[in-house]
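Use these hints to put chain B onto chain A, whose structure you have.
Heads up: the protein sequence lines correspond to chains A and B, in order. One point on numbering: in the working numbering, the residue at position 54 of the first sequence is 379, and numbering is uninterrupted. One point on numbering: in the working numbering, the residue at position 128 of the second sequence is 503, and numbering is uninterrupted.
Derived from the structure by calculation, the hints contain no laboratory data. Where a beta carbon is used, it is the ideal one built from N, C-alpha and C, also for glycine. Don't take every hint at face value.
Pairwise CB distance ranges (calculated) [claimed, not checked]:
1. P442/B x I489/A: 39 to 45 Å
2. G424/B x D437/A: 55 to 61 Å
3. I453/A x M391/B: 41 to 47 Å
4. I632/B x H484/A: 37 to 43 Å
5. G335/A x P442/B: 35 to 41 Å
6. I465/B x N354/A: 46 to 52 Å
7. N445/B x V371/A: 20 to 26 Å
8. M391/B x T449/A: 30 to 36 Å
9. G335/A x K638/B: 29 to 35 Å
10. K638/B x N436/A: 40 to 46 Å
11. Q421/B x E458/A: 42 to 48 Å
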Amino acid sequence: MLMGKAHKFGDSISTDHIIPGKYAHLRSNLPELAKHVFEDADVNFVNKVKKGDFVVGGSNFGLGSSREHAPLVIKMAGVSAILAKSVARIFFRNAINLGLPVLICDTDRINDGDELQIDLAAGTIKDITNGKELTFGKIPDVMLAILDEGGLIPYIKKHGDIKI
Amino acid sequence: MGKTLAEKILIEKSGMDAKAGDIVIAKVDLAFVQDTTGPLTVRQFQESGMSLANPERTVLFIDHAAPSPNANLSNDHIFLRDFSRENNCILSEAGDGVCHQIVVETYASPGDVVVGSDSHTVTAGGLGAFATGMGSSDVAVAFGLGKNWFRVPETLKIEVTGDFQKGVSAKDLILYLIGKIGADGATYKSLEFSGDSISKMSMAGRFTIANMTVEAGAKVGLFPADEKTKQYLEGEGRDSDYRPLAADTDAEYEQIIEIDATKLEPTVSRPHRVDNTATVKELKGTKIQQVVIGTCTNGRLEDLAVATGILKKRRPARDLRLIIAPASRSVLLDAIAVGYIAELVEAGAIILPPGCGPCLGLHQGALGDGEACLSTANRNFEGRMGNPKSFIYLASPATAAASALTGEITDPREVL
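Excised from the complex, chain A in its bound form (with noise of 0.2 Å):
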C-alpha cells in the first residue's frame, strides 16, 4: 500500500520541464541534478514534496526528450508513483525501467495536496481527502515483470535475458 500526498500538475509537462537540458552537465552528479526536478514546472515542488507522495499529471505526461533522468530525478525526490491522464510513451517506459510504477486515471478527480492511498495490487486509488475511489489501467505484463524487480537492469541481473 502506497501513501502521499499528490502534487499536481497541468497538462503536456514535458521531460524539459521536469529536468531542463541547460542542467545536462549535472547529469553524472545525480543528487546536485535532483536539486532542479520540475523547476521549470513549479519552483517549490523540489521543497514540499516528501518521501511516498505522488506527481499527478494530466495528459500526454513526460512529453518530449528520451532523458531517463526525468523519471530517476522524480524518483530520486521520493516519489512512490506517478498518475497522469496519459502519459508519452518514452517516458512510461523509462519510469518502469526504473522501478517507479505509472498509473493511468482520472485524475481531474485529484485536487493538490489530497492525500491518496494507492493499492497496485488491487488496481485502486483511494483520496482520502475527498472520499472518491479511482481505479487505474492494467500495466501490461512484460512491464509488471519489470516493476516486480525493481526496474529492467536489476531484471537482467536477476534472469540474464528478456521474457514476455
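Chain B alone, transformed into the frame defined by chain A:
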C-alpha cells in the same frame, strides 16, 4: 490480411507472426547513445554485468555538447571515449555531426531495427528503418543482448497528394500534421507516409518529417524504401544496403489521413507546444531576436540551399543573430564545396560546428529574458533553449531565412 511497414519489419526481426498490439522480442541492428544520455546508459550497462552483443553496431555520439562548454560535460566525453576504446565500439567525435544525421548517412538501412537513447531516433524511419527512441536502461539492454521487447504499434497512414506550393516544404507538412492530430495524436503508434507527394519527396524532406513524428507522440515514422532511397544510399557509397520495402496494399490501418499538399501554407509552431500551430500569415509581424537554421531536423544540404537562396547578398535585420548549424561534417563539407557557407557568412550568419547547436539550451545561442527565436529545430517547450522566460517558434528553413531578413515572422513567398 496485409501488413503495415511496422508489422513487416518487426515480424522479420522477431521471427514471430505478429500484428498491431502484440509484444515481440526483436533483434536490434544498431544501438546508439549521445553524450547527454550516454553516460547513464553506460553506467547501467556496466551495472548489468553484460558485455556488448555487437560492438561494431554500437555507436557513442558526441554531438549535444560538441565541443563541450564546460568541465563536467568534458568529463562525460572522456567517460564515453574510454568506454569506446575499452569495448571496441564506435565513437563519433565532436564535430562529426548530429547522431541522427550520421545514422542515416552511415549506419541505418531499410528494414533495420534501430534504437537510440534520443527521442529523435525516429529520423531513420525516412529510409524505412524501424527506428525509435528509448531511455538509457532500454538501450543498455540492446547493447548487451542485441535485442529488446517492442509492442507492435498500430499505424496511422498519412496519404499526401499533389505538389507543394513554392516556398512550402516537408517541414510545413509535418508541422501542419502535428497541429491537426495533436502532440499526443500518435502516441504509441506508427505514422506511415505514402502518396505521390511522398514518392516525389527528397530524402532530406523525408528525414525532416520522420524526425518530427515523435512530436505527435509516435513510436516510429516510416517511409517506404524506393528509388529515392536507393539513389540516396548509392550517393553515400552504400549501394548494397538498399532493399525495396513497402507496406502491403491490403494492410490494416487504424486511420487514414489524407492531406492535399497543394493547400499547405508556410506553417509555424508557436510557444510552448509543437502542436500550437498557425500559418505564417496569421503570425506576420511577430518580432524575433534570433534565427536558427539547421540541426537534425533541417540541417541538410537542401535546407542550407534554400536558406542561402534567400539570404545571399542580403543582411539579417538589426539586433538579430542568424545561426546556422549543419547536421554533419559531410553536410558542412558539401556546403563549403558548393559555396553556400561563404555566401551565408557574407550574409552575416554565424556558422556552428556540426551538432545539435542551441536546440537543447546547453550553449551556442541560449536566449535572453523575453527574447524570441525562430528555429528550424523540432521543439519549442518552455525553457528548451536555456531560458523559461524566452519564446521559441518552429518553422521551415525558407520561413526562417525570410524572417531573418526582417526581424519578424515573414512569409518566404514575399522574398522568393
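Each hint, compared with the structure:
1. P442/B x I489/A: 39 to 45 Å: holds, 42 Å
2. G424/B x D437/A: 55 to 61 Å: violated, 42 Å
3. I453/A x M391/B: 41 to 47 Å: Given a distance of about 45 Å, which is inside 41 to 47 Å, the answer is holds.
4. I632/B x H484/A: 37 to 43 Å: holds, 41 Å
5. G335/A x P442/B: 35 to 41 Å: For P442/B against G335/A, whose Cβ atoms are near 37 Å apart, the range 35 to 41 Å holds.
6. I465/B x N354/A: 46 to 52 Å: Since the Cβ atoms of I465/B and N354/A sit about 27 Å apart, the hinted range of 46 to 52 Å is violated.
7. N445/B x V371/A: 20 to 26 Å: holds, 23 Å
8. M391/B x T449/A: 30 to 36 Å: Holds, at about 35 Å.
9. G335/A x K638/B: 29 to 35 Å: holds, 33 Å
10. K638/B x N436/A: 40 to 46 Å: holds, 45 Å
11. Q421/B x E458/A: 42 to 48 Å: holds, 44 Å
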